[in-house]
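4 protein chains.
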Amino acid sequence: MNTLGEKLKLTSYGESHGESVGAVLDGFPSNFSPDLAFIQKQLDRRKPGQSHLSTARKEEDLFKITSGLFEGKTTGAPIHFSIKNKDSRPEDYDHLKEVYRPSHADFTYEKKYGHRDHRGGGRSSARITAPWVAAGAMALDYLKSQGIEIYSYVAQVGDLSMEGFFPEIDPKSIDASFLRCPDSELAEHMSVLIEEAKAEKDSLGGIIACQVHGVDAGIGDPVFSKLNAKLAHAMFSINAVKGFDLGGGFDMVSKRGSEVNDAFSFDQKKHRTSSNFSGGIQGGISNGMPIFFRVAFKPTATIGRPQNTTDKEGNAITLEASGRHDPCVLPRAVPIVDAMTALVILDAML
Amino acid sequence: MNTLGEKLKLTSYGESHGESVGAVLDGFPSNFSPDLAFIQKQLDRRKPGQSHLSTARKEEDLFKITSGLFEGKTTGAPIHFSIKNKDSRPEDYDHLKEVYRPSHADFTYEKKYGHRDHRGGGRSSARITAPWVAAGAMALDYLKSQGIEIYSYVAQVGDLSMEGFFPEIDPKSIDASFLRCPDSELAEHMSVLIEEAKAEKDSLGGIIACQVHGVDAGIGDPVFSKLNAKLAHAMFSINAVKGFDLGGGFDMVSKRGSEVNDAFSFDQKKHRTSSNFSGGIQGGISNGMPIFFRVAFKPTATIGRPQNTTDKEGNAITLEASGRHDPCVLPRAVPIVDAMTALVILDAML
Amino acid sequence: MNTLGEKLKLTSYGESHGESVGAVLDGFPSNFSPDLAFIQKQLDRRKPGQSHLSTARKEEDLFKITSGLFEGKTTGAPIHFSIKNKDSRPEDYDHLKEVYRPSHADFTYEKKYGHRDHRGGGRSSARITAPWVAAGAMALDYLKSQGIEIYSYVAQVGDLSMEGFFPEIDPKSIDASFLRCPDSELAEHMSVLIEEAKAEKDSLGGIIACQVHGVDAGIGDPVFSKLNAKLAHAMFSINAVKGFDLGGGFDMVSKRGSEVNDAFSFDQKKHRTSSNFSGGIQGGISNGMPIFFRVAFKPTATIGRPQNTTDKEGNAITLEASGRHDPCVLPRAVPIVDAMTALVILDAML
Amino acid sequence: MNTLGEKLKLTSYGESHGESVGAVLDGFPSNFSPDLAFIQKQLDRRKPGQSHLSTARKEEDLFKITSGLFEGKTTGAPIHFSIKNKDSRPEDYDHLKEVYRPSHADFTYEKKYGHRDHRGGGRSSARITAPWVAAGAMALDYLKSQGIEIYSYVAQVGDLSMEGFFPEIDPKSIDASFLRCPDSELAEHMSVLIEEAKAEKDSLGGIIACQVHGVDAGIGDPVFSKLNAKLAHAMFSINAVKGFDLGGGFDMVSKRGSEVNDAFSFDQKKHRTSSNFSGGIQGGISNGMPIFFRVAFKPTATIGRPQNTTDKEGNAITLEASGRHDPCVLPRAVPIVDAMTALVILDAML
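Residue numbers (my numbering), protein chains in the order written: chain A, 1 to 350; chain B, 1 to 350; chain C, 1 to 350; chain D, 1 to 350.
The set of hints was computed from the structure by calculation and includes no laboratory data.
Don't take every hint at face value.
Which copy is meant is left open, so a pair is good if it fits within one copy or across any two.
[Claimed, not checked] Here are the simulated EDC-like pairs of lysine to aspartate or glutamate, each with C-alpha atoms no more than 20 Å apart in a straight line:
no.	residue 1	residue 2
1	172	44
2	97	313
3	201	149
4	270	313
5	255	159
Turn these sequences into a full structure, and let the hints guide you.
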């Protein structure tokens, strides 16, 4: 279904080449004056065409709020975000109508629904995340007013990975390059790697890491509504995500308990832990330490090369190379991770 | 909260040292005759003390169904599974009442609720998964009647890992050793590693992999109810789980799109993919290929060594070594992964 | 919250004098070609100004679907209905900003949210039901294709009430007069009564009855998801509704069991009941007989007379008579009851 | 399904003649010390056989809490209430196995599930409300600690009805007679009426009214989670309920707006309304006035006379008179209305 959250609910609608994409955010605190320019800024961070390496599609992604805001303040009523699809050229997709593109959702949508909007991926396009970014930006803004900061950043592209577990980062360094990797030297290498992949008409995967600072201990729920389970669930709603881990995550499986147990200490009238392999969450509930997790993105399925596959009837065909080929979507996915994280954290706090 | 699922809902209750632990399974198909011996067998796979390496706690874990079953068949009414806590020695835990054990949920429960049952971890104990295994075994049994088989197994302990991506396994090989690793040679090495860890009074993490065979294309939902998102959510409900990935997962981030795109082919009147880096799910919906995912477990937090930490008041203390120390819980966690997988898959099929 | 339904979810947004009102319908069957003219017709039945007796506000209520429909057929993706608020004159409401109108939701919204859009009732206006009518019309259309017909009609206005329990009605007679009462003679009396109330600048309540024909036995759920409970829940979402009863309802409380027990008979290979005091639902599940219920509407709170009340500060004030006074909203509420009924029935069938 | 509530969830299981009936209450505030004797007292008010007029079935209905309570205080973990079915004589029901009793749920369960526990109504028996009463009693107890009192009482039996709209009642008068009607004179007449019905082997319906005092303004939600919608939904979960109305309800439909509009006044620093036809709820949200609603019960379907009906195969049969015939269940239903009201109100407050 298309609604996420318990107390703060995000309902999504829209397709890549319909008239507009949108979302309804329900349960947002009343009496808050959102920074509309900040929302637009997050949308700008997600939009295609931010660098010469990115997809050709140009979208301005200007959002409109048509409800839930009165005299500049939220009313507690549901907030409707709407974004027009301007660069809509449905005829560009006629040749894909009967084709099952490799590692896209064409086949599975067809199997489930028997009828699909094939234009630009239709409902399965990452385009539908634009209004999520808008809604999430409002949540980010609210959380900031509560002393909570969320920093997502590109931690790995292809085999180029940031060093160290849970690094201290300077938030300002994230947007220092279009890569959104806070390690500026690594960002340059990544840029070269992406150039190469683009030249080879291929695509790259990578990892976005996220740190959440300022969440008090006691947020979240145990058992079936764990904060980490909800973060994982939300991240898997983002296109191309294939993995999620928290704190020490997959790297911790080869360690010993004595190496990665987070001992408690007491400092400045607060319980803390001397290490943070738990990633800020224990038993599904925040422990007051920074929340830290990683999201694995597969290489984008759309590449600039011809590919062998089949059509609906099962005929073997060669899929033309896509003209709109983005070799690495990770920098643009950073504000989506920001958004989904903010929505989950705020939901757990309400 | 303590209810999981949309159409098939599992509601959990109970604490480690209360009178009993239980679960209510709601939405299960009517008119099904469950194999009660199979349910007991799955519980036996989960129970402590299966090998000399495991925790000392002895539980028979005999389950009782007190509703939803009539004349041996399900009625469509909720099914209540109840399991007595026999080996309950609450007084053993008096010294932990005010202590925050490293990497346990003592502190976070205290922060959230202000009052907790500290005996054996109380509500945060893995003991509460026993009735989930019973409920999940009924789902496994039902899925089997629909031609669906779920095979979870230990794929890694410490740094000892099975070779190859998505290996073909012989289901019978899983329980060939108490390690539940289908690679018998590796299992022996793992056994030695666990002996060592036990001798060092330390604990090990690892990875459980799961393969689901026989799911038709078209199961699951897109966007916010993706089958992979629900699997991830369910897995993070299991104690000590810190990571989840699907198909190529984290290993795929350093690959190129051209390497890991799953091209469609057509064979025996069915669409298939020539590779399965998607792990059987595309756009949140099954594509008819085997579903394949991995679950990362951190090393058990309870170890046999004294540890430094603090109490509730913030005083530095030394936590005594635990006498009930299980160096590697992964083999026992296999039926829990089976159970949660079965519940998610069946939910998506209803 | 603003989402209703389990498998078929309706999410509502919008305020009386915002830019637009809308709804997202999620879970609707794919591959259905909705009759868009029928949707518009149901909206026209709801719109103000259908008779000289009705409110002065003129709205064309043209709907737009911006997602979930492709090449004239539903895709299984969420369907977004949007309706512009054209006759928006927010300045007309400036005098109400600090006033708590009698029997409106001004005070309670203020208490809950601390901030509200006061223009024309804002979020609490019946205007927000317009997109529900559009969404419900699509459900009505689908149900019709499954042999299910829903007939809502005005059964009582003030003290003028149709005779008899569960009368047989001719569906065509409902819209024979603007009153939507199938008893044409009674409709004339009702019309006179409304004229009188209008002249007296007062308002009238009444009862809308609903009959659902063609639902097979076995639809709905027992215990906490009873079909009648969900119908009641949905009806209470409509403004001014203060009562709901099923079958014999309140009139049955003074009867004996021997008088109102519905004995089963067997006819044309089907179990039927010889009477239908159960209103087509037993134990929360349809029994194959027509579903029959009544919805009680209080007299509209907005009247054409000055009224004494207080403002936000507690000062006694006299509220000016409203110029936009509709003495009886029941005829216009008929398509809303149609819509909510269709959504609940379809939800239970999925 | 069998779970009710948003933040406070009640999950129900059990059948009339299974081993036990039970419920899991999830989301209850932690750190509360419930009055267990009060819970037992509410169960005693529900149990059969309280007067010579009642059913012969004897149940002690002793409840047990097996989780969520530690050292006498709630922990925030789910609370499991269990009640044994002691007076279980399944063989008494063998003759009903193939029979569809008039106005029971035998037929609809059979149609939906194809298999049912026919003993004493199985899952459709009012017996399953016993643990709801226990869970609701804990909520009543908690609400009392917050200054909120809930008074349900029998307002009508057959055609004997209390006078006046929203009467002031003395809470102590409710249990002055076994009828739970606060008008002692009327209660005597009701008692005679029930004697008569019993002698005639017939059954009576009636109305239970409920008043909730002490709820602050601002509790509840608008649109699709209205407090009145949730109360209606919860009441329709009780067996034999066929109607619900709030405040002026059905009696208000024949009034004029000028008669029943609740004007605001300001007194003792609080907004109040001079009348309470709204029943304490406006726009789905409490307005600080007492909440007042009525619940209509049909005459009990089980009567002491033979009845004509059919069996599963459609054969006409004569159903034997029931030996366990309760001519009026309303007094015993009072604590169930108390319970469901408390659960809904507390849910809305969390």
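For each hint, the structure was consulted:
{"no.": "1", "hint": "172 to 44", "verdict": "within (17 Å within a copy, 54 Å between copies)"}
{"no.": "2", "hint": "97 to 313", "verdict": "within (12 Å within a copy, 52 Å between copies)"}
{"no.": "3", "hint": "201 to 149", "verdict": "neither (37 Å within a copy, 39 Å between copies)"}
{"no.": "4", "hint": "270 to 313", "verdict": "between (64 Å within a copy, 10 Å between copies)"}
{"no.": "5", "hint": "255 to 159", "verdict": "between (23 Å within a copy, 8 Å between copies)"}
In summary, the structure is inconsistent with hint 3 from the numbered list given earlier, while agreeing with all the others.
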